[in-house]
Amino acid sequence: MILRALGLSLLLCATAAQAAIDTYEFRNDHERERFRELTSELRCPKCQNQNIADSDAPIAMDLRREIFRMFGEGKRNDEIISYLVDRYGDFVLYRPPLNSSTALLWFGPGVLLVGGLLVLLLIVRRRRPQAQAASQAQLDAAEQARLQALLAANAASSADQERKDP
Amino acid sequence: MKRAMLLLPLGVFLLMAVFLYRGLYLDPKELRSVLIDKPLPSFSQGSLEEPGRIINSDELKGQPALLNVWATWCPTCKAEHEMLNRLAAQGVAIYGINYKDDSAAAREWLQRLGNPYRFNIEDPQGSLGIDLGVYGAPETFLLDKQGIIRAKHVGAIDENVWRSKLAPLYQQLLDEATP
Numbered sequence: 002m003i004l005r006a007l008g009l010s011l012l013l014c015a016t017a018a019q020a021a022i023d024t025y026e027f028r029n030d031h032e033r034e035r036f037r038e039l040t041s042e043l044r045c046p047k048c049q050n051q052n053i054a055d056s057d058a059p060i061a062m063d064l065r066r067e068i069f070r071m072f073g074e075g076k077r078n079d080e081i082i083s084y085l086v087d088r089y090g091d092f093v094l095y096r097p098p099l100n101s102s103t104a105l106l107w108f109g110p111g112v113l114l115v116g117g118l119l120v121l122l123l124i125v126r127r128r129r130p131q132a133q134a135a136s137q138a139q140l141d142a143a144e145q146a147r148l149q150a151l152l153a154a155n156a157a158s159s160a161d162q163e164r165k166d167p
Numbered sequence: 015m016k017r018a019m020l021l022l023p024l025g026v027f028l029l030m031a032v033f034l035y036r037g038l039y040l041d042p043k044e045l046r047s048v049l050i051d052k053p054l055p056s057f058s059q060g061s062l063e064e065p066g067r068i069i070n071s072d073e074l075k076g077q078p079a080l081l082n083v084w085a086t087w088c089p090t091c092k093a094e095h096e097m098l099n100r101l102a103a104q105g106v107a108i109y110g111i112n113y114k115d116d117s118a119a120a121r122e123w124l125q126r127l128g129n130p131y132r133f134n135i136e137d138p139q140g141s142l143g144i145d146l147g148v149y150g151a152p153e154t155f156l157l158d159k160q161g162i163i164r165a166k167h168v169g170a171i172d173e174n175v176w177r178s179k180l181a182p183l184y185q186q187l188l189d190e191a192t193p
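As they're listed, the protein sequences go chains A and B.
Residues in the first sequence are numbered consecutively from 2, following this note's numbering.
Residues in the second sequence are numbered consecutively from 15, following this note's numbering.
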């Protein structure tokens, strides 16, 4: 019973949400698709994390209506985009253009990556001579003699051990 | 060289700290208008007070002025209305754009709360609003005597906003206007 009521209320919510989507008559499917693509690529100035296609804010509705009007006038996408940028700024674009204030955004990640690689390279380069020096170390004659003595003593004691406990 | 490398992480940290600290005080809701230092878009719209009269954008030129976008459905506009009344009483020229509103309700509102506006431009569809990059009400533009937009404030004007942000600019525009 409760479940059924819940289901019904969900259904009602769904229809309410659908009702908020305004309807436009497009000349063909291609135009409808173009409208959908364009409005989902433009950002709503009021509700900043939604695009114009999804937002229910009054300004988003107005902008959809305005874009539809420009469709009727046969405007191209870039004309419509520059119309909006002239009024609301680059902010309305989800793909920011490259200029002085967005350079950091565009190049920042690359600069960080290259910087990180450089630091890594420097560290690796600095460590390599040390490692090579350690591996190529040569023993002098006295050290060589001491090493042999130790090895011989070790072999003798382990032989003794084997004889004591078979 | 080695010492410089040791300081590098500190440098990166300081750079990040400066960026993030600045970010704390930026309001992402306030967009800088692209129209600043551009002339007011030209328009011919109906008058709210005198139905039938057409207001031309040139009528806003002549002296530094505020252009206030408002509506009766906007609670913040009501909050700032008293401040606008005070500014008008001090002699500040204020024009209004009645944004996407019901004209009769708007006239009644001005009768009841006082009318600080020299005149009001009707914008029932919000099309003038779009030309001005308006995305909500209230918004207020500061115009110089040539009708060029010199500043914009989004949100209510209160004593604090006026004194710290708009009054100095307005005074500067007044000084420019009377050499």
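Heads up, some of the hints might be wrong.
Claimed, not checked - In silico DSSO-like links for lysine-lysine, alpha-carbon gap of 27 Å or less: (1) K76(A) <-> K52(B); (2) K43(B) <-> K179(B); (3) K52(B) <-> K75(B); (4) K52(B) <-> K179(B); (5) K47(A) <-> K52(B); (6) K47(A) <-> K179(B); (7) K43(B) <-> K92(B); (8) K47(A) <-> K76(A); (9) K159(B) <-> K52(B); (10) K92(B) <-> K47(A); (11) K159(B) <-> K179(B); (12) K179(B) <-> K75(B); (13) K92(B) <-> K179(B); (14) K47(A) <-> K43(B); (15) K159(B) <-> K75(B).
Said to hold, decoys possible - Where chain A lies over chain B, by a calculated footprint (3+ residues, C-beta under 8 Å): (16) 36-46; (17) 90-102.
Because the hints were derived from the structure by calculation, they are not lab data.
Backbone N, C-alpha and C fix where the C-beta goes; we use that ideal spot for every residue, glycine too.
For each hint, the structure was consulted:
{"no.": "1", "hint": "K76(A) <-> K52(B)", "verdict": "24 Å, holds"}
{"no.": "2", "hint": "K43(B) <-> K179(B)", "verdict": "17 Å, holds"}
{"no.": "3", "hint": "K52(B) <-> K75(B)", "verdict": "14 Å, holds"}
{"no.": "4", "hint": "K52(B) <-> K179(B)", "verdict": "19 Å, holds"}
{"no.": "5", "hint": "K47(A) <-> K52(B)", "verdict": "22 Å, holds"}
{"no.": "6", "hint": "K47(A) <-> K179(B)", "verdict": "22 Å, holds"}
{"no.": "7", "hint": "K43(B) <-> K92(B)", "verdict": "21 Å, holds"}
{"no.": "8", "hint": "K47(A) <-> K76(A)", "verdict": "25 Å, holds"}
{"no.": "9", "hint": "K159(B) <-> K52(B)", "verdict": "13 Å, holds"}
{"no.": "10", "hint": "K92(B) <-> K47(A)", "verdict": "20 Å, holds"}
{"no.": "11", "hint": "K159(B) <-> K179(B)", "verdict": "19 Å, holds"}
{"no.": "12", "hint": "K179(B) <-> K75(B)", "verdict": "22 Å, holds"}
{"no.": "13", "hint": "K92(B) <-> K179(B)", "verdict": "21 Å, holds"}
{"no.": "14", "hint": "K47(A) <-> K43(B)", "verdict": "8 Å, holds"}
{"no.": "15", "hint": "K159(B) <-> K75(B)", "verdict": "5 Å, holds"}
{"no.": "16", "hint": "36-46", "verdict": "holds (count 4)"}
{"no.": "17", "hint": "90-102", "verdict": "violated (count 0)"}
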